[in-house]
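Following the hints, put chain B with the ligands in place on chain A, whose structure we already have.
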Amino acid sequence: MRFARYIARRLLLLPVQLLLVSLIVFFLVRQMPGEPTFLYTGPFATKERVEEVRRQLGLDQPIHVQYVRYIERVIRGDFGMSLRTSQPVMTDVRQRLPATMELIGYAVVFSVLIGVPLGVYTAIRKRGIINRAVFLYGMMAGALPDFWFALIAIFVFFFHLGLLPGPIGRIDLMVSTPETITGMYTVDALLTANWAAFFSSASHLFLPVLTLVFIYMPLVLKNARSAMEDMLGSEFVVYARAAGLPRLMQWRYALRNAMPPIITVTGILAWFLLGGAVLVETVFAWGGLGQYAVQSVVNSDYAALQGVVLLSAVFTMLVFLVVDLAYFVVDPRIK
Amino acid sequence: MPTLLAIDDLHVSFETDRGRTAILHGISLDLEPGQTIGVVGESGSGKTVLVRAVLGLLDAPFAIDGGRIEYEGANLLEYGEAELERIRGRDIALTTPEPRKHLNPLTTIGDQIAKVIRAHADVSKEAAMARAVELLGMVGIPDPELRLAGYPHEMSGGMCQRIIIAMALAHDSKILLIDEPTAGLDVTISRQILDLIRGLVRDRGAAALIVSRDLGVVAHYCRDVAVMYAGRIVEQAEVGTFFRQPLHPYSARLLRAAAAARDRAVGRAEATALLPPALDGCSYAPRCALAEPACEASIPGPAEPAAGRWVRCLRAAAIAHGEVAV
Ligand SMILES: Nc1ncnc2c1ncn2[C@@H]1O[C@H](COP(=O)(O)OP(=O)(O)O)[C@@H](O)[C@H]1O
Ligand code: SF4
Ligand SMILES: [Mg+2]
Chain A
1 MRFARYIARR LLLLPVQLLL VSLIVFFLVR QMPGEPTFLY TGPFATKERV
51 EEVRRQLGLD QPIHVQYVRY IERVIRGDFG MSLRTSQPVM TDVRQRLPAT
101 MELIGYAVVF SVLIGVPLGV YTAIRKRGII NRAVFLYGMM AGALPDFWFA
151 LIAIFVFFFH LGLLPGPIGR IDLMVSTPET ITGMYTVDAL LTANWAAFFS
201 SASHLFLPVL TLVFIYMPLV LKNARSAMED MLGSEFVVYA RAAGLPRLMQ
251 WRYALRNAMP PIITVTGILA WFLLGGAVLV ETVFAWGGLG QYAVQSVVNS
301 DYAALQGVVL LSAVFTMLVF LVVDLAYFVV DPRIK
Chain B
1 MPTLLAIDDL HVSFETDRGR TAILHGISLD LEPGQTIGVV GESGSGKTVL
51 VRAVLGLLDA PFAIDGGRIE YEGANLLEYG EAELERIRGR DIALTTPEPR
101 KHLNPLTTIG DQIAKVIRAH ADVSKEAAMA RAVELLGMVG IPDPELRLAG
151 YPHEMSGGMC QRIIIAMALA HDSKILLIDE PTAGLDVTIS RQILDLIRGL
201 VRDRGAAALI VSRDLGVVAH YCRDVAVMYA GRIVEQAEVG TFFRQPLHPY
251 SARLLRAAAA ARDRAVGRAE ATALLPPALD GCSYAPRCAL AEPACEASIP
301 GPAEPAAGRW VRCLRAAAIA HGEVAV
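Heads up: the sequence lines are chains A and B, in that order.
In this text, residue positions in the first sequence follow this note's numbering: the first is 1, and each later residue adds one.
In this text, residue positions in the second sequence follow this note's numbering: the first is 1, and each later residue adds one.
The set of hints was computed from the structure by calculation and includes no laboratory data.
Glycine residues also receive a C-beta, built at the ideal position from the N, C-alpha and C atoms.
Hints may contain errors.
Unchecked claim - Under the rule of at most 27 Å between Cα atoms (straight-line distance), these lysine-lysine pairs were calculated in the BS3-like manner:
hint	chain 1	residue 1	chain 2	residue 2
1	A	LYS126	B	LYS101
2	A	LYS126	A	LYS47
3	B	LYS101	B	LYS125
4	A	LYS222	B	LYS101
To be verified - Stretches of chain B that chain A covers, calculated by requiring three or more beta carbons in the stretch to come under 8 Å of a beta carbon on chain A:
hint	stretch
5	86–94
6	103–113
Stated by the list, open to error - From the structure, some residues in chain B lie toward chain A, with a derived Cβ separation under 7 Å:
hint	residue
7	LEU55
8	LEU57
9	LEU58
10	ALA119
11	HIS120
12	TYR151
13	HIS153
14	MET167
Bound conformation, chain A alone (with noise of 0.2 Å):
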C-alpha cells in the first residue's frame, strides 16, 4: 500500500520538476551564441527580412512571454517545428528516440548480463588468470575512447572479416523496415515474425552495441565487485560462515545485499549512454537522439534542442524512479 503511494508521489513530482527543467532549458538555450532566424533566412537577408521572421517565430516578444507560450503549447504535447528537418519536433523524436532507446537497451542488458557476474566472479576468486585479465580489461577500457574502439571494431569485422555489415545505419538498404510498433527494429521484427528484418537489424546492433558494452561494461563490473567485496567481508555473511551455511548460501547473502549499489550504477549507466553514445551514434550513422541532440545545438534549432532536452530529463526521472521502485522491492528497510 505504501508502495503505491510512494509510486504516485514520485509521479505527481514528475510535471513540477519537468516545469523547473523545461524553465532552466528554455532560458539556457537563448544564451547560446547563433541566432536561429538565420535558417529560415540564410545569412544574406536584409534587416526587414530577418524582423519579420522573427515575428513569426514570435522571437520579437519578452522572453517570459515565449516561455507561457512555449509551454501552452507543450502541454497540448507540441513541442514546436524543427528549424533544421522543417518537421514537427515530436515526428523527428518519434523517429529517433527508439533507434537509441534500442542501441542503449541493449548495451545496458548486456553490460549487466555480463559485468556483474564478472564482478560477483572476481570478487570472490580474488586470484588466477580470469581475475587479472578482468583487471587489465577494466583498466584499459576505461582509458579507450569509444569512437576509437568502433572504428576498429568496424575495421576487424566489416572490412577485415566481412562478417558484419557496415556501418550504414540500423538495417540493411535491401530489406524494408518492420512494422512500426515500439520503433525498435528487433522488437517489431520478432513481433511481426519478420525474420529478414530480425536477423538484418539484429547484425546492424552488433557491433555498435558491442562497442559500448566493451567500453562502458567495467563501470557495471568494478561497481559489482566492490560491492560484492563489501558485502562479502560484512559481519553477516561472516556469521552465516560461522553458523555452518554452505558457500553458495553465503555468496547468495551477499550478491543480495550487493543488489542496491548494483542497481544504482545500472540506472546511472542508461542515463550517461542517453548522451554518451553520440559519438558511437555518429560513426555507426544510427539516426539517433544523440545525433539530433547535437545537429540542433550545431544549428541554434531552439525548439528541437528544448524537445529533446525535455525529453531527456523525463528519461532520467523515469530511470531513477525505476532505480528507487528496484530499491524498494529489495530492501525491506525503505518500507
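Chain B with the ligands only, in chain A's frame:
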C-alpha cells in the same frame, strides 16, 4: 574426563602494511563435556579472535602461526573449508556480540533460522520453520510465529541477540562458543538465556566457552574461569577459588574493578581497547604494582603455584603463599 576440545599453544597474528602483529601468543585451553569456562579480560585482549579461530573463521589478514585445535581426534587447523562447513553450526556453534550486524538485513528472521537448520538437517522448509518457532520460544521471544516474517531492523538489539542464540542452539551442538551473550540484554533475559545454556551443557554433555566482561555472569554460570591479558591466558582456575583468591595481579585488578563497578551499579570490568605492545617480558609489567626487574627479562610461563591453579606470573608462588598482597 576425555577432552572435547583441546586448544594447544595457539598463535594468531594480524598482517598490516606495517608488518605483522601477534594477537594470540600461545593459548592453551581444554574443554570437557559438561564444562563451562568463562573467558574474561578487557576488550582487545583476544577473546573474540580465540573463539573465531576455533571455527576456522580467521581469513587473511589474520594468520594462524602455530598450535593445534583438537576436536574428535583431528586438528581443526588442518581442516579445509568444506570440512569446516560440516562442523560449523552443527558440532560447534558460535554466538556473536553484535547481533544486529550479524543478521542478514534483507531476509526474514524465519528464513534465516530455517537456512541455519537446513544447512545441517535434511528437513522440509515447513519443518524448519516449526523448529524455528520452537527455538525462538526457547530463548524467550514472545509470539515467535509472528516474528518469523519480521526483518532484523524491526527488532531490538536484545531481540536480535536472542535470535542469534536461537540459531546457535539449532543443532544441539556439543560445543557452544558464546561471545558476550549479555551485551544489550536486560538482566532477566540474560539470566533466562544463560540458564538455558547451562541446562543444555549439563543435560546433554555439551561444553561452553562463555566470553564475558561481566564477572558476575562468570561467577554464576561457569565452572572455571580463564583470564586473558594481551593475547595470553594469564590465569586459569575453578571459579570458587579464583574469586576467593585471585593469584595474578591482573586478575586481582579485574576483581577490584568489578567490585568498584558493582558499587556504581554497572557491573562491568574496565575496558581499554588497546592491545599492549608485545614485550620480551611479562606484558602486564607496565601496569603491574608488583613488577620487579625480573618481570621484564623473560615471559612468565604457566606455573602451578597451588593445586588446580595455573598462573603466568613470576611472583605467583609468593602471592599464593600470602608473602605479597595483590
Ligand atoms: N579486524 C581487525 N583489525 C585489526 N586488528 C584486529 C582486528 N580484529 C582484532 N584485532 C586485534 O586483535 C586483538 C584482539 O581482538 P578481539 O579478539 O576482538 O578482542 P576481544 O574480543 O577480547 O575484545 C585486538 O586488540 C586487535 O589488536
Ligand atoms: S610477572 Fe611480574 S609484572 Fe607480570 S604480573 Fe607477575 S609480578 Fe606483575
Ligand atoms: Mg570481543
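Hints, one by one, checked against the model:
1. A:LYS126 <-> B:LYS101: Holds, at roughly 25 Å.
2. A:LYS126 <-> A:LYS47: 71 Å, violated
3. B:LYS101 <-> B:LYS125: 25 Å, holds
4. A:LYS222 <-> B:LYS101: It holds: about 25 Å lies between the C-alpha atoms, which stays within 27 Å.
5. 86–94: With 7 residues closer than 8 Å to chain A, the stretch 86–94 of chain B meets the three-residue bar; holds.
6. 103–113: holds (count 5)
7. LEU55: Because about 6 Å separates B:LEU55 from the closest Cβ in chain A, which is inside the 7 Å limit, the hint holds.
8. LEU57: 6 Å, holds
9. LEU58: 10 Å, violated
10. ALA119: 5 Å, holds
11. HIS120: 6 Å, holds
12. TYR151: 5 Å, holds
13. HIS153: Hint holds; B:HIS153 Cβ to chain A Cβ min 5 Å, cut 7 Å.
14. MET167: This hint holds: B:MET167 lies near chain A, its Cβ roughly 6 Å from the closest one there, short of 7 Å.
When the structure is compared with the earlier hints, violations turn up for hints 2 and 9 and for no others.
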